[in-house]
Amino acid sequence: MYSLNQRFDNMEIPEDEHMTAGHVACAGCGASLSMRLALKGLGKPTALVVPACCWGIIPGAWPQTAMEVPFFNTAFMTTGAVISGLKAAYRRRGMDDVCVVGWAGDGGTYDIGIQALSGAAERNEDVIYVCYDNEAYMNTGVQRSGGTPLGAWTSTTPAKAPKSEPKKDMDEIMIAHRIPYIATATAAYPHDLIAKFKKARSMRGMRYIHILSACPPGWKTPENMSIEIMRLAVLSNIFPLYEVENSEVFRQTVIPDEVEPVNNYLRSQGRFKHLTQEDIQVYQREVTTRFERLKERFDRIAV
Amino acid sequence: MKYTDRQVKTPLCCISTTSSLVNKTGSWRFASPVFIHRASPCNEQCPAGEDIAGYMYLAAQGRFEDAWRLIMKENPFPAVMGRVCYHSCETRCNRAEHDDAVSINMVERFIGDYGLAHSIEIELTRPEIDKRVAIVGAGPAGLTAAYYLRLMGYGVTVFDSNELPGGLMRYGIPPYRLPKEILDGEISRLSNMGIDFNMGVKVGEGLAWKKINSGFDAVFAAIGAYQEADLEIKGMDKRGVVNALGFLREVNPGKYPSTGKKVTVIGGGNSAIDCARVSRRLGADVTLVYRRSQSEMPAHTEEVEMAREEGVEFLFLAGPGEIYGQEDVSGIRLVKMSLGTVDNSGRRRPEPTGETFDLDCQTVILAIGESLKIEDLPSSLICDGNLVKVDDFGRTNKARFFAGGDIINIPRTVTHAIGSGRRAAAAIDGFLKGVERDKDGLNHTSELADYNSLNSFYFDHRSRTKAHIVLADKRVSSFKEVVSSPSEEEAVYEAGRCFNCGSCTECGNCYIFCPDFSIMKDPDGYGYIVDLDYCKGCGICVQECPRGAMKMEFME
Ligand SMILES: Cc1cc2nc3c(=O)[nH]c(=O)nc-3n(C[C@H](O)[C@H](O)[C@H](O)COP(=O)(O)OP(=O)(O)OC[C@H]3O[C@@H](n4cnc5c(N)ncnc54)[C@H](O)[C@@H]3O)c2cc1C
Ligand SMILES: Cc1ncc(C[n+]2csc(CCOP(=O)(O)OP(=O)(O)O)c2C)c(N)n1
Ligand code: SF4
Ligand code: SF4
Ligand code: SF4
Ligand SMILES: [Mg+2]
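Top to bottom, those sequences are chains A and B. Under numbering that gives the first Met the number 0, the first sequence has 164 at position 165, and the numbering climbs by one with no breaks. Under numbering that gives the first Met the number 0, the second sequence has 103 at position 104, and the numbering climbs by one with no breaks.
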């Protein structure tokens, strides 16, 4: 491979795959690509715990599976608890080298699973919890979740009355738990995503990774645009890429050359089609304020 | 069914035992990604049709010999090209929309020099063909046709009236732009391939066209344009009035004619600029007189600027009225011009105002254009004005007779001459094999990799490398080259700026971004392939390919 004249050197991406084709994610699904890349960063031995969500069905219908690592389907609200138990079981059997990863949707994280997650974080369990965030309950037909952004259409927040509450700031909730590692990532920046999973794997204690994950049917976007849209989220500071260690050291890992207005991101998606120019201005202010608040903490040296 | 039976059939916990690979998700697809080669705009622009995207890719990796061989497929004079080509390719470079065009010509020059420095030879691999082609005129057009025909296995004999081959590359372009060693180096490669050179033979005078026609299986004529335009003013017979080509020809083989202290050059083209710059090097004060204004000058801006830096004075909106003096020129009377209505060249026509003024000088160089001497060619050829009428492949109205270079209707540049020579070689080959040859392998595919077909997010910003130009006062003190070659580091850097528009570089984006594990390295060679068993047709790979080397094909 040759990428001398490219921004990213793809030679650095690990070649090993830990899942296969034949999975049943929709065409252009950001969640399936996120898993593919995350596993490249994690490597083996790794065990996944997945509650009810798209990812519960993506590996295929029983008795098929696309996974080449152990993959446990579990109940919707239990991810935080199941990973804690599974890790304990592995440790008990002398298999402490197994990296236990919970992998849940935004519904399973922001809403129904928050209690189990918070408990696991508070106990500083030695696990990784990943929220792949497609910003609604996609598997059951695009219902609103706590992760759905302000102004978005979902099947329960129709265009006439789109979501009137802002997206819950789950990252701040996790930061308040003062756990060893928190990161945001997206498949549009695979090098960054893989590096964060590698780093998380090398650490102990509770680690939380929040992945923004485009969903063509749920976001009403063309299938080929998933990467472009996730990239726009980063470039417009809607989804800044950063990591936090011990809730003390904040580091922005991808700094846009030029910050894009939120307009380009919003206009690229059918779920925001009804927004007026004024709505977009409100949106822009919201995004700028949130980013400024975050930015204050970037690169602040721990004392 | 009893409870115990059920217990046997349904496990307590469901464990998947089959790979999802049995599930061929390719059946979901309604459009397929395909890998394609699109023509880069620079390639489309290059009069010789060089695969710029391709050789930049190789040069960026330091694979200079491979890069050199790739250029040689379209152009047998890379080191000459890297110096004298007007590089119009750069005007269409996609990178110009990003930051600044790639300095294509600079990289080409490095690669050309590399070929010379490492004495890379071209191997003749095709079986000999028992047919001979006559090439009349050893300028760039003739030499190029000779080269490609010889590579194909034909016997090739070159006839030229000059002492040495090269045409205007030798007897026109001055050595400060094209050193003779460089030209000799590239031409000697051709003579080493077994091409016969018959120098000092003027076809039509010493040797009849008829003889050539009957002695060879095909003829390629590229005798250049040497008929000076007439200037009907008083004093043309004075000693010290010379024409551009005659003047440059005298200078070029290393002879330095004396011009006297003051030289006036009439004309606004590249020849005029070269005459002025040569005269500066001979120690004269030079005034270049052009009848229109600077913006209408056909000469290239870069050349004009260099001449100005070298101390050439420019006088615009003035034309020659009369040359005066005893036997020798002692001055020229000039007529002031003003610009009138637009003529058919699209420029405003200069009109004499009647006002005159005088300029002292000992030499007047007329550089007002040359055309083909029709009488030098067989009379049966159909011409269009002063040019031989040919199709896109140099075929004239006479079977077996082909023409190219400055005598056909293409821009007068070395590069166009080379392109015409190569197309004619393809047509001659087709003719001799009895097949129609309408493709010349110029890399022109139907689709163009324009800026919109790229994903420029993947390219960061990098500034263009500046050419190394010798300071003006040092330049005029000799005929040494004024632009020096780039370093290897610079060439690699500059080649690395190229986006390689339309050509896959195996960057791996398509592979990295596929959610369905459906892009894989081609096990049989270069690039990637699509696994249509599983590809769902999302098109992310096509969207994220930085260089437009993929596209979606929709099914019926
Ligand atoms: C001063 C000057 C500077 C130039 N600078 C550049 C430049 O920097 N870049 C660029 O791209 N172009 C430049 N050009 C233009 C370029 O040189 C010509 O367009 C190009 O050389 C044409 O190639 P050709 O093969 O058609 O003819 P020529 O190069 O003219 O070669 C024709 C050959 O045919 C021979 N010949 C003629 N009649 C006969 C005959 N009857 N029998 C046998 N042999 C014959 C001649 O001796 C000559 O060797 C310049 C031209 C001039 C005059
Ligand atoms: C307790 C419980 N309530 C509801 C469901 C139905 N259910 C299955 S998946 C799903 C949506 C999951 O949404 P999210 O976690 O955001 O994942 P996504 O499908 O969007 O990837 C729901 C509501 C369930 N399986 N269990
Ligand atoms: S609904 Fe969205 S998240 Fe779920 S599989 Fe389809 S694209 Fe992926
Ligand atoms: S970037 Fe390279 S391939 Fe593209 S137009 Fe410029 S020189 Fe040609
Ligand atoms: S993305 Fe890279 S590897 Fe894939 S086709 Fe384009 S240039 Fe080639
Ligand atoms: Mg969801």
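The hints are simulated quantities; they were obtained by calculation from the structure and are not laboratory data. Treat the hints with care, since some could be wrong.
What the hints assert, rightly or not - Computed list of lysine to any residue pairs in SDA-like fashion (alpha-carbon distance at most 20 angstroms, straight line): (1) K219(A) with R28(B); (2) K520(B) with N9(A); (3) K520(B) with E222(A); (4) K520(B) with K219(A); (5) K520(B) with I12(A); (6) K550(B) with H176(A); (7) K219(A) with K23(B); (8) K23(B) with I12(A); (9) K219(A) with W27(B); (10) K23(B) with P62(A); (11) K219(A) with F29(B).
Structure-based check of each hint:
For the given pair, K219(A) sits about 18 angstroms from R28(B) by alpha-carbon distance, which is consistent with the 20 angstroms threshold. Taken as a hint, the K520(B) and N9(A) pair is honoured in the structure, with Cα atoms around 13 angstroms apart against an allowance of 20 angstroms. Of the supplied pair hints, the one linking K520(B) and E222(A) is violated, its CA atoms being roughly 23 angstroms apart against a limit of 20 angstroms. The suggested pairing of K520(B) with K219(A) is violated, with an alpha-carbon distance near 32 angstroms, which exceeds 20 angstroms.
With a CA separation close to 14 angstroms, the supplied pair K520(B) and I12(A) stays within the 20 angstroms bound. Taking the CA atoms of K550(B) and H176(A), the gap is about 47 angstroms. The hint is violated against a cut of 20 angstroms. A threshold of 20 angstroms between alpha carbons decides the hint, and for K219(A) with K23(B) the separation of about 25 angstroms lies outside it, so the pair is violated. Between K23(B) and I12(A) the CA atoms are separated by roughly 26 angstroms; this puts the pair beyond 20 angstroms, and the hint is violated.
About 19 angstroms separates the Cα atoms of K219(A) and W27(B), which keeps this hinted pair within 20 angstroms; it holds. This hinted pair checks out: K23(B) and P62(A) have alpha carbons roughly 15 angstroms apart, not beyond 20 angstroms. This hinted pair checks out: K219(A) and F29(B) have alpha carbons roughly 18 angstroms apart, not beyond 20 angstroms.
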